[in-house]
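Please take these sequences and the hints and turn them into a complete structure.
Just so we're aligned, residue 37 is where the sequence shown starts under this note's numbering, counting upward by one.
Just so you know, these hints were derived from the structure itself, not from any lab.
Each statement offered as a hint is correct.
Per label pair, the in silico range of CB-to-CB distance:
hint, residue 1, residue 2, range
1, Ala244, Arg215, 22 to 28 Å
2, Met73, Arg215, 25 to 31 Å
3, Ala131, Glu264, 32 to 38 Å
4, Lys238, Glu158, 20 to 26 Å
5, Lys78, Gln263, 37 to 43 Å
6, Glu165, Ser54, 36 to 42 Å
SDA-like mimics (lysine to any residue), calculated; alpha carbons at most 25 Å apart, straight line:
hint, residue 1, residue 2
7, Lys229, Val151
8, Lys241, Thr198
9, Lys241, Glu222
10, Lys162, Glu182
11, Lys238, Arg152
12, Lys238, Arg154
13, Lys238, Arg219
14, Lys238, Leu192
15, Lys162, Arg215
16, Lys241, Gln142
17, Lys238, Ser143
18, Lys238, Ala135
19, Lys229, Val164
20, Lys78, Ser106
21, Lys238, Ile221
22, Lys241, Glu148
23, Lys162, Phe179
Cβ atoms here follow ideal geometry from the backbone N, Cα and C, with glycine treated the same way.
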Amino acid sequence: MMQLHAGPKPVVRSTMSSMVTEQIRDAILSGAYPPGMQLNEKLVAESCGVSRGPVREAIQRLLQEGLLVSEPHRGVFVLELTEDDLEDIYFTRDAVERAALRRIVQSGRGEELSVRLRAIVESMRKAVEEEEWTEVASLDIRFHSELVNAAGSRRLSRLFATLMAEMGLCLNQLLGVYRGRGRLIEEHEYLAKLVASGDIEKLEKAMADHLQEPVETICNAWERARQENGKLTASGVEKG
Numbered sequence: 037m038m039q040l041h042a043g044p045k046p047v048v049r050s051t052m053s054s055m056v057t058e059q060i061r062d063a064i065l066s067g068a069y070p071p072g073m074q075l076n077e078k079l080v081a082e083s084c085g086v087s088r089g090p091v092r093e094a095i096q097r098l099l100q101e102g103l104l105v106s107e108p109h110r111g112v113f114v115l116e117l118t119e120d121d122l123e124d125i126y127f128t129r130d131a132v133e134r135a136a137l138r139r140i141v142q143s144g145r146g147e148e149l150s151v152r153l154r155a156i157v158e159s160m161r162k163a164v165e166e167e168e169w170t171e172v173a174s175l176d177i178r179f180h181s182e183l184v185n186a187a188g189s190r191r192l193s194r195l196f197a198t199l200m201a202e203m204g205l206c207l208n209q210l211l212g213v214y215r216g217r218g219r220l221i222e223e224h225e226y227l228a229k230l231v232a233s234g235d236i237e238k239l240e241k242a243m244a245d246h247l248q249e250p251v252e253t254i255c256n257a258w259e260r261a262r263q264e265n266g267k268l269t270a271s272g273v274e275k276g
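So this is what it looks like as structure tokens:
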């Protein structure tokens with residue numbers, strides 16, 4: 037007679053690797069693993085309570101996602117975004133989202149998508165009124181993810197998810213973008229309206245304009261931070 041095994045099945049290696057990947061990714065995006073930090077495979081394994089195998093696999097996956105970088109003879113580090121990185125992320129976002137828009141308009145799914153996007157905008161409006169900027173950021177990502185996913189391309193959605201993961205590395209600067217962006221709601225409302233209209237020329241221009249401002253704002257914030265750090269360093273030298 038066949039015997040039935042009681043209790044849960046053992047955790048397979050791939051599942052463990054996925055769990056560790058998620059833990060490390062969360063630590064990076066939350067700032068627990070800050071930009072530039074070197075990852076020690078042994079210490080990460082001890083922190084996660086697993087062997088080094090799943091950690092090694094997780095690191096490889098996060099290297100592919102771009103959240104980690106490997107430097108020969110030095111090790112693996114959390115990515116530090118530069119102005120060039122940021123411009124490249126938004127350059128790629130622009131290409132991905134405009135490709136998604138063309139597919140959506142051609143398929144005739146614009147009106148259906150517009151309804152979902154408008155619902156997200158209303159939630160965003162409420163979050164702005166309550167100054168819940170982290171929620172605003174989450175809803176912004178949801179708006180654009182909804183748009184890209186509506187194109188029905190798994191590869192496009194996967195690429196966009198990777199870009200969003202990289203964007204998480206400058207979340208603090210992004211929150212500043214939301215606070216100072218008076219037309220945030222109007223811009224998203226306009227995009228949702230154009231999606232329903234099917235006017236691809238206006239859609240592409242509106243999306244390009246929408247994605248340009250954050251690049252300038254974040255780069256300016258980084259420049260101000262560098263100047264402030266320079267002043268602090270100079271002040272420290274003078275006092276010494």
